Amino acid sequence: MESLVETANPGVLSAAGKEEILSEATSKALHQVRETVGNPFVDNPRMTCREVNVYYGDKKAINNVSIDIARNEVIAMIGPSGCGKSTFLRCLNRMNDTVEGCRVTGDIRLDGMDIHDRNVDVVPLRARIGMVFQKPNPFPKSIYDNVAYGPKIHGLVQNKAELDEIVEGSLKKAGLWEEVRERLNQPGTGLSGGQQQRLCIARAIAVSPEMILMDEPCSALDPIATARIEELIAELREQYSIVIVTHSMQQAARVSQRTAYFHLGDLIEVGMTDRVFTNPRHQLTEDYITGRFG
Amino acid sequence: MKKSILLASALIAGLFAGSTAQAAGRDYISIVGSSTVYPFSTVVAEQYGKTTNFKTPKIESTGTGGGFKLFCSGVGVEYPDISNASRAIKKSEFDTCQANGVKDIIEIKIGYDGIVFANSKKTAPLKLTRKDIFLALAKDVPDPKGGDKLVPNPYKTWQDIDPALPAVKIEVLGPPPTSGTRDAFVELTMETGAKTFPFIHDMEKKDKNMFKATTQTIREDGAYIEAGENDNLIVQKLEANPSALGIFGYSFLDQNADMIQGSIVENESPTFENIASGKYPVSRPLFFYVKKAHVDVIPGIKEYLAEFTSEKAWGAEGYLADKGMIPMDKKERDSIAEAAKNLSTLTMK
Amino acid sequence: MKQPTTNPAIDKVNRGLRRRYRAERRFRICGATAIITALCFLFLLFFSIVANGYKAFQKTYIQIDVFFDPAEFANENLATANFPGLVKTSMSSLFPEVNSRGDKKELFYLVSPGASFQLMQLVKNNPNLIGQQQSVWVAANDDVDMLLKGHIDRTRPETERRVSDKQLAWLDALAADGKIKKTFNTTFFTSGDSREPELAGIWGATCGSFYTLLITLSLSFPIGVAAAVYLEEFAPKNRWTDIIEVNINNLAAVPSIVYGLLGLAVFINFFGMPRSTPVVGGLVLTLMTLPIIIIASRASLKSVPPSIREAALGIGASKMQMVAHHVLPLALPGMLTGTIIGMAHALGETAPLLMVGMVAFIVDIPHGFTDPATVLPVQIYLWSDSPERAFVEKTSAAIMVLLIFLFLMNAAAVYLRKRFEIKW
Ligand SMILES: Nc1ncnc2c1ncn2[C@@H]1O[C@H](COP(=O)(O)OP(=O)(O)OP(=O)(O)O)[C@@H](O)[C@H]1O
Ligand SMILES: [Mg+2]
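Protein chains in written order, with the numbering used here: chain F, 1 to 294; chain C, 295 to 643; chain H, 644 to 1067.
Treat the hints loosely; a few may be bogus.
Said to hold, decoys possible - Stretch-level coverage of chain F by chain H, calculated; a stretch enters the list once three of its residues show a Cβ under 8 Å from a Cβ in chain H:
1. 89-102
2. 136-147
3. 150-158
Quick caveat, the hints were computed from the structure, so don't treat them as lab data. Computed from a prediction, not measured in an experiment: that's the story for all the values here. Don't be surprised by glycine CBs; every beta carbon is placed ideally from N, CA and C.
With the hints as extra help, turn the sequences into a complete structure.
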């Protein structure tokens, strides 16, 4: 694995060069073998990722990452800004397909099905793996239409009554129903930031996905809204696998069962959340968690 | 989305189908050609359209040359039936016609148009000769110091040319090179004026290109301003600038006699009578040409000819004279009307 | 106000402050001056056009008593009846003392040659008129109209005006009898072109413009939007699409006459479509407006936030659904604005139409896409080129009408943008 650092692309090298100001131990650790610490694999996984590499043009953003995602778990992805959390997350429902110049290699399977297989259609794939983005992005349509859109395009309902049911159920699950039941016909964009984010979650769960990917869902929210969403995540876990990217270590500790730490495109450490936060095994993880950099 | 694409393609298909069906038979006369003849042929067309059951002909003002180009492109409903011209058809144009299968052409002379040099009524009329005009407007003129040599035009005021003329700056608003009026003006004024110099006169035989360049090149130092050829704005410009002179067809002078006056050329003023009698030297015949092959294909061509060649149209008291066209004398009119009736075709050696 | 502080940085800021404000003030003054100058020119333009043209909305009529002599209507065919004769008889009866041939001609000249067609129309609509006496208001000749509107100076010597002393006397007599009136000029809005200014109108050109623009709109909007959507959302970004993009941008700057030449070569010479018709004109203008619409549409597609696209794709919408359900509705106001601006452009265009024969004298009102037609700006151009004095005010009046149409279209663009704009 030594060779990897040498052959790594200039982007990574220069990034590494910048870190001379770091402690000697840290920089030493940087040049150490980048084998994932901890066991990234689980039994009976929902999703498996093997040797995933992502390139933007000829710049490598994700380097040889292998990890499993279990059923009914919340897995948190943490790491310094620019380390590739979002990029990796977007591999899981092939959102990177839409990015110009982005190339993904490696093997990703959902319930054993290779998502990059030629016969796999991204449309149903994305219906199975919902996504909530960092910035709330409701459609500029009514609250009702926002939630109803997914079921409608996927033909999940036969009639208006069923649709109403799904909308109500999803909004209830997202903890938004009480606040918006009176104004379902008003634009979703007129809600507060936290409400919008919950609307986006409702929209994602309305198509009954098997997994939900959340990219910093609470970064724009106040502590109360954040707490609501964390509660929600905890509830949703009973049905779904949830991958959540977050910058808040407390949040990761609160909501997740497992935690994965990324650094400059590498998956450094994976483990049970309690263990990672109390007893990090890798120097970089420890430095990050104790706030020495990141 | 799909619906609108479908609709659009249906529409296009419909249009193509409709338009080709339309082209298969045309029920109106199509006329092209000179912008000088345009005001006259349009009056005839309108009169014809209102007094017969035929549709009013469509008349495009394309200029004489442009008109012949279209006219001579071929025989068939997509080509015009009639071409108006402010000069006779040239041999080269006639040959193009022949080459494209337009064999039989009927030439009809309709009358005359005078080219006038007018200025605002606020000043006195000018008394000019064609030589004066040549000296005022040519790019290169014979050396005023004498000798058979051309020098760039040194004249700034009319008085520089002839002490009898007023000491005002030479400023002429005239037609652009694309117009028939310009052709006629160059031929009737510039060439004749230039030929008063013996060495230029001789040049015509010795060096035709040199002669053309000398007589046809108009100065570009701002003394000659290209304006619309038949533009009622010229009249307003002349009104605003009394020292300027405008070149245009007689009908504009006729319509605006309260604001502008024609300069006296070679001692003759541009009046109706003087142009009709041929005394006023700068006048030209006007024509139109008919494709004989179309006469029985497009309805109403014969009737149009009859209307145009009727006394109430082109006669001395006719409505074309009211519009400023100078009629021919009765004898000529009669013989041409007769020829038109018989559809006598043009031959050219 | 400068506040004394101990912070050296703030002192520096304060020192620079005045210069910064001065720069801002200067810029504001420049901007305001530019706007005011532009407004002045605009006002001057409008003023000169309105001042020249407002009188064209009035028209002079002369009242004559017509006896629809049954003798004249012996023949079945109305068109062959001597209507000019009826007009002449009526005019003569107004001034029985006019005898000589020359004087009579001058007298008849007072009314428009259109008067006889007006009588013909009357009889056509009501055959019972035959044998009756009726007083009719007929259009006065354009010279009379000009005189009464003050465009001909009656104090000038007789030879220098187009209305003779005798005619002046008759007109004064008619005016004293109340047989001359000026009313709103409906002819101007209801008839086609004519060489008699008093009979000329813009309805023919308006219809021509309408048919032409209808073709242009119904082709260029769907094609332009589809092309923009394809290029922006579906086409791979490579050298070819770059070349296409550069070419589209170039096409938008190509002089419009080039499109006329293209139209002549392709639609008329190759496809054999009829010259001078709205189909061909509309197609040529489609070519001309397409780049404008494509560029505007692409710009408005680009301005749709990517987060909306991600949201749609993220819940499993196909690309087509993403475009049709989310991107297009958001981009539509911009596209419509671009389209209407393109249409306004097309409405004011003459140069390309010259090549396809739409610069033509056309009297009959076009009733379809394949009738010969002309358009408003061409009508303006043709009238400005006519020798008759009365066309000067007609030209200005037609410009006013064109400006009103342009104004309405631009207002529609603003309205549509406001109406369909979705806020988030
Ligand atoms: N569209 C793109 N084109 C090129 N490079 C990109 C693109 N998106 C991300 N990158 C690069 O890939 C690397 C990983 O980015 P990514 O967005 O995954 O980081 P992140 O871990 O989500 O950071 P943050 O916590 O700030 O969101 C970064 O170096 C970034 O600059
Ligand atoms: Mg990120």
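Do the hints match the structure? See the list:
1. 89-102: Holds, because 4 residues of the segment 89-102 of chain F bring their Cβ atoms closer than 8 Å to Cβ atoms of chain H.
2. 136-147: holds (count 4)
3. 150-158: holds (count 3)
Checked against the numbered hints given earlier, this structure breaks none of them.
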